[in-house]
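Visitor: Letter by letter, the chains look like this.
Protein chains: 4
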Amino acid sequence: MAPTIPKEQWAQVIEKTGGPVDYKKIPVPTPASDEVLVNIKFSGVCHTDLHALNGDWPLPTKLPLVGGHEGAGVVVSRGELVKDVEIGDHVGVKWLNGSCLSCEFCQQSDEPLCPKPLLSGYTVDGTFQEYCIAKAAHVARIPKEVPLDAIAPVLCAGITVYKGLKESGVKPGQWVAIVGAGGGLGSLAQQYARAMGLRVIGIDTGDAKKKMCLEQLGSEAFVDFATSKNLVKDVQAATPDGLGPHAVILVAVNEKPFQQAAEYVRPRGTVVCIGLPAGAYLRAPVFESVIKMITIKGSYVGNRKDSAEAIEFFARGLIKAPFQVVGLSELQMVYDKMQKGEIAGRYVLDTSK
Amino acid sequence: MAPTIPKEQWAQVIEKTGGPVDYKKIPVPTPASDEVLVNIKFSGVCHTDLHALNGDWPLPTKLPLVGGHEGAGVVVSRGELVKDVEIGDHVGVKWLNGSCLSCEFCQQSDEPLCPKPLLSGYTVDGTFQEYCIAKAAHVARIPKEVPLDAIAPVLCAGITVYKGLKESGVKPGQWVAIVGAGGGLGSLAQQYARAMGLRVIGIDTGDAKKKMCLEQLGSEAFVDFATSKNLVKDVQAATPDGLGPHAVILVAVNEKPFQQAAEYVRPRGTVVCIGLPAGAYLRAPVFESVIKMITIKGSYVGNRKDSAEAIEFFARGLIKAPFQVVGLSELQMVYDKMQKGEIAGRYVLDTSK
Amino acid sequence: MAPTIPKEQWAQVIEKTGGPVDYKKIPVPTPASDEVLVNIKFSGVCHTDLHALNGDWPLPTKLPLVGGHEGAGVVVSRGELVKDVEIGDHVGVKWLNGSCLSCEFCQQSDEPLCPKPLLSGYTVDGTFQEYCIAKAAHVARIPKEVPLDAIAPVLCAGITVYKGLKESGVKPGQWVAIVGAGGGLGSLAQQYARAMGLRVIGIDTGDAKKKMCLEQLGSEAFVDFATSKNLVKDVQAATPDGLGPHAVILVAVNEKPFQQAAEYVRPRGTVVCIGLPAGAYLRAPVFESVIKMITIKGSYVGNRKDSAEAIEFFARGLIKAPFQVVGLSELQMVYDKMQKGEIAGRYVLDTSK
Amino acid sequence: MAPTIPKEQWAQVIEKTGGPVDYKKIPVPTPASDEVLVNIKFSGVCHTDLHALNGDWPLPTKLPLVGGHEGAGVVVSRGELVKDVEIGDHVGVKWLNGSCLSCEFCQQSDEPLCPKPLLSGYTVDGTFQEYCIAKAAHVARIPKEVPLDAIAPVLCAGITVYKGLKESGVKPGQWVAIVGAGGGLGSLAQQYARAMGLRVIGIDTGDAKKKMCLEQLGSEAFVDFATSKNLVKDVQAATPDGLGPHAVILVAVNEKPFQQAAEYVRPRGTVVCIGLPAGAYLRAPVFESVIKMITIKGSYVGNRKDSAEAIEFFARGLIKAPFQVVGLSELQMVYDKMQKGEIAGRYVLDTSK
Ligand SMILES: [Zn+2]
Ligand SMILES: [Zn+2]
Ligand SMILES: [Zn+2]
Ligand SMILES: [Zn+2]
Ligand SMILES: [Zn+2]
Ligand SMILES: [Zn+2]
Ligand SMILES: [Zn+2]
Ligand SMILES: [Zn+2]
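Chains as they are written, first to last, in full-length UniProt numbering: chain A, 1 to 353; chain B, 1 to 353; chain C, 1 to 353; chain D, 1 to 353.
The hints are simulated quantities; they were obtained by calculation from the structure and are not laboratory data.
Idealized CB from N, CA, C, for every residue including glycine.
Careful, some of the hints might be misleading.
[Claimed, not checked] Quick partial rundown of chain B residues pointing at chain D, CB under 10 Å, derived from the structure: (1) 77; (2) 79; (3) 102; (4) 108; (5) 145.
Please put together the full structure from these sequences, using the hints given.
Guide: Structure below.
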């Protein structure tokens, strides 16, 4: 029996750049022939959502806008072309809501590089509403035994760090340094790295983070960037042969950590930048980069296959991502805290409240 | 019949950093058990030799020093462990005179990254002499039909650009931009790229270079960086779909060309830096690098296999490298011209004069 | 102005397995929302079409069936979801008429492995008619300067051999042996190999084929399998170091040529099987395969990106594929010749006759 | 202080093909300039040693011969060229005792494919003696905390299965089937696969092996080839999506298991053959291999880097290899049991007894 779909729904709407966000009733949309309508149960709140609200990225948003791109829910309706997604399936709506599927990049499994992307909560309405549209070919499949609140943040942060680790080219048994290991992305990165058979050096600061990295998140070594007298040497010394990690994942790129990474990474190693700080620059000395043959790479979000793999690691119980649930109606409060830098873990919105 | 080896030979010797270079008689050395003695017939002169003379790189040189690392000659003697190189074989002595062959890097065919390298004309005596020592496992094999004067510059410049092209990961039919296309490295890079089935955009300045690139060296498009109103757009427009080249080879890295390369390279593309300008920095915006998932790589000299391949392309007649021959005794003159930036093509020294 | 589309059209229809094929008028179909209608101008005739007619493959065909999968034509109509293909665009309809675009294989650019493929002229009506339906995301883009009759056979044979060469992993400057070099697939394979910077050994029989391979198609060596006293040695001797080719492309797999290929391929080399002989087996000795670490691979048709690349090589004038044009009405004659093995080059049907 | 090296030592010597092996005193050899002398403490006994004794492989052995190629010991002397191995270092002597280090294959880290290999216990004297010679560049480094008896079998079997897993190309999170999972190679393969982040299907027969695979060795699924009604379906069903494992490792190749592997492996998957059964053949249907684009690969022994990695996994405590120690003097008894197929685990010889 097909689910009953209401005509109206609760949503959080940005009417103008800068906000505030408006919690109100809006119509439930109807999917086009290649789309599905997803009853979002839970949606994570991500820093990118704050950028969408503030309009401080080069790319303009749709307006009015329903934000959100980490939505987990249940398919309630589908267009007539859709054959592989069933009503009742659990799916995730991600940052990449849709892509053309036929450009050079889509043809090569690089759909995040599609020049005509649909971006959830940015160029199309996102997951901060009860019923959200997504392209059927792009929704992530979520096994039914996986809790929809817990998986929500994995749909953005988890996939992104997993992609970064894949892009690094590190192989099982090799070492990876995670810069910003104690944060949200960093703690996910450590766990994915471990699940992939990698050995991890956590780089962050403070005894609490050190303890967490070493005892819970799988790091075999920890370097405190604030107290280290010689960060480059300390990171290299953390690998048995002293040559440094095979890859470095920078989850929060600033110039200094980046330069240091280029220095302590092993010859032939790779430095991967994740995250999108506006205005920041990579900077590395040519002489040393050439002599050591190092590679520097930007990694954006995962493609559909990366997403499926990242979800599978989570479904196997190998990844823990702490979160707290509040009602969709409380989104402004979450934005306010985020703006002040007061958020420790991840907030997940329950769209029924 | 074994060749007669004299006790003494003519050589160009640097007694102290800064020069001058001293043309005089010195003893002919004897190869150790894993070495060969090569009667150098011709040796190219390279910018690196000037750095060795001037001592302006971070790494100190041996002193007194016989410079030179582009030597082509004939094996006249060998140590008792040497089985694969025969007396009379034609071989090349390259920048990497020897390596440990057992470290992690040597084990992975990355012998240029060996932490204990022997560098010809830098940490060991090089090819600006009649008889030069080299590790047998490292000499390049030169087919006997190849002229030893013509091959000399290929042993450094040719191998280096070929390696850079390989490192770029571009595949036959794809586009590569060569920045500095009209110079020595650039003109070799274009020819190797063509021989590898690549399509080439030459970037340089002046009508003479444009003509040479398009008519002789194999570029299908040329962009003049001095007269272009919008270099990024012009380079991208040179590819049929306007997305830009799949890779960029920077043979002379400066900050501005580097930043531009990061801008015009195709999403998922690679920017390869060749050459070792002291004090220069790579610099690229994080946001765009991540969104486009671009890769930036340093490429040093080729390994032994790269060298063999680069020589084979040359031996097949696919690569032309203009040069002029002067006597070994005239090296100081070559250095003087190089210092003043007055060298157009490549100088090759005839050790018999 | 939109083109006028008739209600009826001429087509060649197979009513029952075994044929004959019936030249008659049938309705012009209407594209679904993600499809285009292509006015086929020319269509190649391929051995696979004969298998479809005879029903001698494990997979059953649609019935009644319009065969053909090498169609080149002009887009005359499109479904409402189609945004990237314009009316008037020149496109090719290939064997893979459509795929789900969302399964594991489609997600990884392996759409030919999609478990729900639409196969032109096999499970859906193909190109032996004036107006053919195809999924918009799957049609091949053909530049307008490329003649539609000449490109037709490239859409199947050309792409297939190009894919096989890519799958072989051979790199510019390396050697590839083409077994069956003088036939249709083989002659295309040689030309693609050359355009990719590879060196080619043609293997076939007869002086006419030898001459054609060496003088027109780009082989540097030719081995006649009928007159060679020791095929394995002769093929290995054709490479300068006597170690054999880095890859072998078998365009017509039989057991004996396959076993020989496994013997003469270079250690670490790859043997690629193209083509689908029913009932044939690969067979290779384990001991030698392990000791030499050889790879044996099956290669099916190209994906969309491979197709675009193969067409681009053709459009650049690097590939010549001889063909003769007859009317669509004469298809039965072509089948008859094919059945008797009397076809030398490729037949291309003009749908207007 | 340098260790005292005796003039004579105990060794097990094969005087003629077919044996018996003779336990007697022979001179202690002296290392050449690029060699080390290793005081072997423990040596594993491998099936290959039986082939060497029986002379039933195509390649003839040295005679008289000291067998053995899984020796772990202490360096007691070295040639004058050796700089990276110190007296007192713990090292392993492997099947590949030495290679030329300069051929095409050695240049590409494929030293096991060197056409001039020195094979321990086969073409040069091996590890069934107290003092064994090995090329310094080829000995495996063993950390001092690793027990020399336990590591001995890893030096052949462990490295070989690890190499096979690497060659398969499977990535963390993907599925690999191990055929012969309950045997010596198979049980190591499972553990390495787990340590590499892979998911494992064990294929073997019997409840004891099933229990061991699932409870101790890390398999997530087990298929009993003797009781399965449809092995192909059962193996495919063991993966969540029913498409079968991404790779299959065949540790004991016979025709039937091989054909089945080609059938149940996932499209685009890889079947890797390890082990050297004389006279066995690979056999797979062309049609299905092409349609599924599967890869079949032979994998020989690991190179030096693979060896170091495999030892590192073992040193981290991730791999358990059961063994029992007997005296070197008891080798004939071990051969006798092996000949009768009566060996369950691995025998390791203590050279001091
Ligand atoms: Zn996010
Ligand atoms: Zn796209
Ligand atoms: Zn140079
Ligand atoms: Zn080294
Ligand atoms: Zn065809
Ligand atoms: Zn599909
Ligand atoms: Zn063994
Ligand atoms: Zn070798």
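Visitor: So which of those numbered hints doesn't the model satisfy?
Guide: 1, 5
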